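Enquirer: Just so you know, the protein sequences line up as chains A and B, in that order. First residue of the first sequence: 1, per full-length UniProt numbering; consecutive thereafter. First residue of the second sequence: 1, per full-length UniProt numbering; consecutive thereafter.
Since the hints were derived computationally from the structure, they do not count as laboratory data. Keep in mind it's a predicted model, so treat the numbers as computed, not measured. Check the hints yourself; a few may be wrong.
Put simply, identical chains are the same to the list, so a pair is met inside one copy or across any two.
Below, in silico cross-link-like pairs of lysine-lysine (BS3-like), each with a Cα-Cα straight-line distance of 27 Å or less [claimed, not checked]:
| id | residue 1 | residue 2 |
| --- | --- | --- |
| 1 | LYS334 | LYS51 |
| 2 | LYS380 | LYS122 |
| 3 | LYS10 | LYS322 |
| 4 | LYS122 | LYS69 |
| 5 | LYS358 | LYS322 |
| 6 | LYS216 | LYS344 |
| 7 | LYS322 | LYS344 |
| 8 | LYS322 | LYS235 |
| 9 | LYS146 | LYS344 |
| 10 | LYS63 | LYS380 |
| 11 | LYS284 | LYS10 |
| 12 | LYS334 | LYS380 |
| 13 | LYS51 | LYS276 |
There are 2 protein chains.
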Amino acid sequence: MISFKDAYQKVLDLSQDLGNELVSLEQAMGRILAEDIIADRNFPPFNRATKDGIAINYDAIEKGQTTFKIEGILAAGMPSQLLKNTANCIEIMTGAVVPSNADTVVMYEHIVIDDGWASLIKNPVQGQDIHLNGSDQKKGNLVLEKNSIISAAEIGVLAAVGKASVLVRTLPKVAIVSTGNELVEVDEIPLPHQIRKSNIHTLYSALSQEGIVPSKLHLPDEKDSIKNTLGNTLKVNNAVLLSGGVSKGKFDFIPQVMEELGVEKIFHGVFQRPGKPFWFGIQKETKTVVFSFPGNPVSTFANYNVYFKDWLKLSLGLPLQKIDVILKEAAEVKGDLTMLLRVKLGFNRGHLVVSLVKENGSGDLCSLVNTDGFIVLEPKSEPYEVGELVPFVPTRDLL
Amino acid sequence: MISFKDAYQKVLDLSQDLGNELVSLEQAMGRILAEDIIADRNFPPFNRATKDGIAINYDAIEKGQTTFKIEGILAAGMPSQLLKNTANCIEIMTGAVVPSNADTVVMYEHIVIDDGWASLIKNPVQGQDIHLNGSDQKKGNLVLEKNSIISAAEIGVLAAVGKASVLVRTLPKVAIVSTGNELVEVDEIPLPHQIRKSNIHTLYSALSQEGIVPSKLHLPDEKDSIKNTLGNTLKVNNAVLLSGGVSKGKFDFIPQVMEELGVEKIFHGVFQRPGKPFWFGIQKETKTVVFSFPGNPVSTFANYNVYFKDWLKLSLGLPLQKIDVILKEAAEVKGDLTMLLRVKLGFNRGHLVVSLVKENGSGDLCSLVNTDGFIVLEPKSEPYEVGELVPFVPTRDLL
Chain A
1 MISFKDAYQK VLDLSQDLGN ELVSLEQAMG RILAEDIIAD RNFPPFNRAT KDGIAINYDA
61 IEKGQTTFKI EGILAAGMPS QLLKNTANCI EIMTGAVVPS NADTVVMYEH IVIDDGWASL
121 IKNPVQGQDI HLNGSDQKKG NLVLEKNSII SAAEIGVLAA VGKASVLVRT LPKVAIVSTG
181 NELVEVDEIP LPHQIRKSNI HTLYSALSQE GIVPSKLHLP DEKDSIKNTL GNTLKVNNAV
241 LLSGGVSKGK FDFIPQVMEE LGVEKIFHGV FQRPGKPFWF GIQKETKTVV FSFPGNPVST
301 FANYNVYFKD WLKLSLGLPL QKIDVILKEA AEVKGDLTML LRVKLGFNRG HLVVSLVKEN
361 GSGDLCSLVN TDGFIVLEPK SEPYEVGELV PFVPTRDLL
Chain B
1 MISFKDAYQK VLDLSQDLGN ELVSLEQAMG RILAEDIIAD RNFPPFNRAT KDGIAINYDA
61 IEKGQTTFKI EGILAAGMPS QLLKNTANCI EIMTGAVVPS NADTVVMYEH IVIDDGWASL
121 IKNPVQGQDI HLNGSDQKKG NLVLEKNSII SAAEIGVLAA VGKASVLVRT LPKVAIVSTG
181 NELVEVDEIP LPHQIRKSNI HTLYSALSQE GIVPSKLHLP DEKDSIKNTL GNTLKVNNAV
241 LLSGGVSKGK FDFIPQVMEE LGVEKIFHGV FQRPGKPFWF GIQKETKTVV FSFPGNPVST
301 FANYNVYFKD WLKLSLGLPL QKIDVILKEA AEVKGDLTML LRVKLGFNRG HLVVSLVKEN
361 GSGDLCSLVN TDGFIVLEPK SEPYEVGELV PFVPTRDLL
């Protein structure tokens with residue numbers, strides 16, 4: 001048994017660099033960028049009209065000219081053209097290249113066009129309505145940093161600089177393993193002493209949100225079978241997540257099997273609730289880490305969110321985001337266990353406020369439906385007070 | 001031209017009920033539940049041991065008994081058994097059914113076992129370490145409400161009650177359409193007057209995060225071709241998102257083509273920046289809505305996040321989440337335009353604090369990389385002050 005803080009640190013210490021891989025732009029969403037992205041040309045790459053109207057040379061205005069002969073028309077996608085005469089104008093559309101001997105765009109709303117001539121009805125400001133070549137970014141600038149999370153905004157930038165394929169961090173190969181003879185499949189009618197599998201589905205869907213498609217298996221409470229299957233699973237995965245099989249029961253063979261398979265126990269048992277019988281280890285030979293979570297649904301769910309997700313973030317080169325929230329009600333944590341308490345989050349006038357979820361212990365799966373995350377409270381003699389800041393681990397998308 | 005507030009309301013007014021569809025549990029993640037979910041049995045369905053140890057009848061303790069003959073062993077997944085003699089005990093594992101004539105579990109840590117007898121080394125409390133039949137939920141209880149977002153926690157509950165397939169809200173069919181002769185593909189080297197497509201990739205990835213796989217097309221700035229293609233697209237989609245082609249340029253045929261296709265214009269032009277030339281309409285016959293966004297990357301991105309995402313939420317039966325954030329710096333909004341300002345969000349001691357992103361107008365795609373969302377500021381004569389609460393629209397996953 002070790003403290004929560006030590007257990008958490010030991011898990012993070014075994015994060016892994018899984019290397020990089022090339023994916024297509026369409027597959028890059030949500031992945032972690034593994035290369036710096038440089039502007040391959042200026043942003044914008046030319047003096048770009050930002051309004052529809054006419055392009056003129058401001059010198060003519062300064063000479064008192066207010067009516068301009070229209071030389072032609074420039075649409076977006078047309079090669080650049082010069083004004084033949086800088087006392088004339090050219091009609092120009094948003095996105096088109098402004099002639100290099102023009103310097104000002106006047107939008108249609110500020111001119112009157114009659115018989116091939118444009119007359120100003122409002123005086124322009126020199127240089128207006130032109131998005132200047134290189135004014136956002138210069139060619140060679142760093143536009144996206146390595147280790148960025150690729151969201152829709154980053155996809156746009158990657159497209160603009162021509163990255164049809166992108167180097168991203170490789171995701172770990174993960175297996176999820178359920179154990180326990182009492183478990184039946186979702187589409188079965190359980191006998192009175194049986195229950196349906198749920199943890200493995202929870203883990204599968206949680207991992208799928210991280211872009212990971214885990215392999216799934218179920219082990220009976222039978223030692224030889226566990227050993228054979230786990231041996232192979234350890235070889236082909238970077239992380240194995242087990243649910244159940246780690247308490248002190250006669251049929252909980254996992255810790256013993258792990259030892260026989262050369263998986264070094266890092267710890268077994270953490271001073272926390274829920275999730276106390278958590279077993280964590282690493283197979284030195286393969287560097288595969290094993291998260292063996294207690295089988296109670298809330299225990300597995302809490303440990304996945306608190307330990308595994310930060311292990312994953314570190315393994316992908318991401319910083320760990322530490323978020324504090326404000327207690328809406330007092331909470332008492334006595335004894336020697338760090339408490340992971342289920343809370344509901346409210347956005348209250350720019351404040352993150354949490355209230356405790358009514359629950360019935362670590363077997364109470366349904367309480368997780370009302371839960372937005374866990375607050376992590378160390379035991380202390382005085383109660384945590386209303387308004388106090390406490391660390392928060394989200395368990396669903398909240399913002 | 002209409003106000004931002006009116007435009008926003010008109011978009012919401014045309015949200016659509018797209019009906020429901022059945023998906024497998026594995027495909028249900030992130031979807032919106034379209035049925036109430038009822039517990040098909042009690043949670044837990046039997047008196048369930050929550051520790052490994054022995055099950056006893058507390059009467060024996062009350063009679064002063066401290067040593068118990070072990071009758072046998074009960075593992076999880078074994079049918080229920082009775083104590084043959086309530087003065088005896090039975091070894092029991094976590095998850096197993098507690099005999100109906102036992103009422104207390106004593107964990108291994110609190111007993112000594114010797115030659116078929118278990119002796120207490122700590123007095124138990126009657127009823128301890130049993131997760132009582134139906135104590136979390138009774139059969140027939142509502143465990144998940146219609147219109148819930150299905151996250152990993154909900155997946156676990158759906159699995160537990162045997163929902164191998166789940167009724168969810170149908171997602172809209174969406175087409176995304178780019179226009180503009182200046183655009184080339186991501187893997188092409190643009191000529192000096194050309195730029196690569198980026199908006200369509202941004203929209204594609206943003207929609208993919210909502211579980212929508214949009215169809216993609218590109219229209220040249222040529223009227224007949226636009227009309228043919230759009231006509232078909234309107235028939236087979238619930239929403240069409242266009243980028244570019246709605247300003248006042250000579251080659252911006254979209255509004256005219258829309259009219260010819262029987263798409264009723266709801267509005268064209270909103271008193272907002274960026275995204276002012278936004279065109280919105282509906283084809284009455286098909287009920288397909290058309291979001292025609294201005295082509296500047298920031299305009300398209302802002303309007304997608306501000307208008308389309310809430311249209312989508314309402315169409316899926318979700319409530320609109322209104323979040324206010326705290327200004328870290330003053331902001332001035334004069335004139336008659338509602339400003340959508342790019343901001344970076346910080347989690348500061350339980351407070352959501354935003355600072356303005358340095359940017360160079362609505363063409364400045366790269367500024368979106370530093371942007372976590374937009375704040376929506378109505379024009380007013382006094383500046384918005386430090387510490388003031390303002391509405392926030394996130395543009396990436398933040399919590």
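Enquirer: Would you mind marking each hint as holding or not holding in the structure?
Expert: Hints and how they fare:
In this assembly of identical chains, LYS334 and LYS51 lie within 27 Å of each other by CA distance solely across copies; the values are 21 Å between and 66 Å within a copy. In this homomeric assembly, LYS380 and LYS122 come within 27 Å of each other (Cα to Cα) only across copies, at 26 Å, whereas the closest approach inside a single copy is 72 Å. For a Cα distance limit of 27 Å, the shortest separation of LYS10 from LYS322 inside one copy, 18 Å, qualifies, whereas the shortest one across copies, 39 Å, does not. Taking the shortest alpha-carbon separations for LYS122 and LYS69, only the intra-copy value of 17 Å comes in at or below 27 Å, while the best inter-copy value is 102 Å.
In this assembly of identical chains, the alpha carbons of LYS358 and LYS322 lie at most 27 Å apart whether taken from the same copy (25 Å) or from different copies (25 Å). In this assembly of identical chains, the alpha carbons of LYS216 and LYS344 never lie at most 27 Å apart, being 30 Å within a copy and 39 Å across copies at closest. In this assembly of identical chains, the alpha carbons of LYS322 and LYS344 lie at most 27 Å apart whether taken from the same copy (18 Å) or from different copies (17 Å). Proximity of LYS322 to LYS235 under the C-alpha cut-off of 27 Å is found in neither arrangement, the shortest distances being 33 Å within a copy and 48 Å between copies.
With identical chains, the CA atoms of LYS146 and LYS344 are at most 27 Å apart between copies only, with a shortest distance of 19 Å across copies and 34 Å within one. For the identical chains of this complex, LYS63 and LYS380 are neighbours neither inside a copy (80 Å) nor across copies (38 Å), given an alpha-carbon limit of 27 Å. Only within a single protomer do LYS284 and LYS10 lie at most 27 Å apart by alpha-carbon distance; the minimum there is 15 Å, versus 61 Å between protomers. Proximity of LYS334 to LYS380 under the C-alpha cut-off of 27 Å is restricted to the intra-copy arrangement: shortest distance 6 Å within a copy versus 52 Å between copies.
For the identical chains of this complex, LYS51 and LYS276 are inter-copy neighbours only, at 12 Å across copies versus 64 Å inside a copy, given an alpha-carbon limit of 27 Å.
In this structure, the earlier hints numbered 6, 8 and 10 are contradicted, and the remaining ones agree with it.
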